[in-house]
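Using the numbering used here, read the sequence shown as starting at 64 and increasing by one per residue.
Everything labelled a hint here was simulated from the structure, so no lab data went into it. Treat the hints with care, since some could be wrong.
Stated by the list, open to error - Calculated cross-link-like contacts (lysine to aspartate or glutamate; reagent style EDC-like; alpha-carbon spacing at most 20 Å):
1. K157 / E183
2. K88 / D120
3. K75 / D207
4. K252 / E292
5. K222 / D294
6. K182 / D170
7. K203 / D239
8. K187 / D239
9. K319 / D294
10. K75 / E382
11. K65 / E382
12. K65 / E377
13. K252 / E377
14. K222 / E322
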Amino acid sequence: MKTRITELFGIKYPIQCGGMLWLAKPELCAAISNAGAMGNLTSGNYDTGDEFRAAVDRTRELTDKPFIVNITTMPSIRLPVELLQEFFTVCCEKKVTAIEIAGAPVDTFLGPQYLPMAKEAGVKVLHKIGTVKHAVHAQKVGYDAVTIAGFEEGGFPHKDNVATIVLVPKVVEAVDIPVLAAGGMVDGKSLAAALALGADGIMMATRFLATTDSGVHQNIYRMILDATERDTTLALRKLLGQFGLQVRALRNDIMKKIEEVEARDGDFSELFPLISGQRAKEVWQNGEANLAMLTVGQSIGRINDIPTVAELVERIMREARETLQHSLAQLAQ
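All chains, full assembly: derive it from the sequences and hints.
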């Protein structure tokens with residue numbers, strides 16, 4: 064299956080893993096790339112440029128296939144702008160295949176020199192966005208591709224609350240660069256639907272979490288299999304609204320506490336201990352799912368097993384082909 068995304072990145076299948084804090088490390092990244100999709104190495108897993116540089120090297124030891132690096136361009140206590148700039152520079156020095164920017168545009172958040180730096184190094188840059196106007200901006204300033212994420216996605220969907228099925232064709236009609244669809248993407252039917260809407264592929268994160276290669280605690284896998292599409296919630300609109308964002312996460316005890324703090328206009332000092340990424344880092348390993356904000360999407364309601372990454376990717380491609388062939392056969396009748 065060739066699309067503009069497979070040709071842009073040099074990958075076999077039009078499937079990309081999204082950024083996943085504490086999970087998208089060299090082992091999972093390489094497993095996805097080795098399966099023919101686009102693995103993701105999330106820079107936010109690292110506290111220094113040297114740690115990140117070592118992670119890039121480790122990923123290349125595990126795969127000779129293309130992979131993408133996520134850099135989240137949002138204000139952070141742990142990851143100052145200077146460190147994000149260093150991550151971007153390391154990507155260019157190491158000539159990784161591509162960089163996924165999630166958040167504010169590179170040209171305004173990191174500086175106008177960074178997109179030209181990537182182009183000079185031959186590194187593709189993709190912007191994950193949630194509105195049509197941001198897609199248009201991405202094309203204007205020189206991004207190579209965009210991922211358009213509907214509000215179904217886990218993590219930080221745009222506060223406009225527009226669904227993927229509406230956003231994808233609008234973005235495809237508005238820009239000429241390759242487009243990935245995100246939010247609710249989980250299987251071959253999702254891929255077939257995204258292609259029918261005009262996208263060049265899909266980006267998934269929650270579904271790659273639900274694989275044996277993610278290495279999370281067995282309780283987390285059980286939680287995923289038991290959850291339905293109604294078991295996530297949106298919050299932090301007041302805190303993140305200034306950036307046009309909110310958060311979608313598993314509806315659990317921590318999220319209920321966050322909602323209570325927000326309802327009474329509590330300040331950041333009350334929220335920070337609840338939303339700290341350190342909590343999630345521990346929970347993925349200890350399995351205490353109620354003790355952290357776990358950013359998963361509504362696609363969790365369509366996950367029924369925990370395969371290997373290789374099994375999942377091959378199944379998605381087989382199902383996508385079968386779905387498209389079946390649809391065409393029905394139309395022919």
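Numbers of the earlier hints that this structure fails to satisfy, in rising order | No hint contradicted; all consistent.
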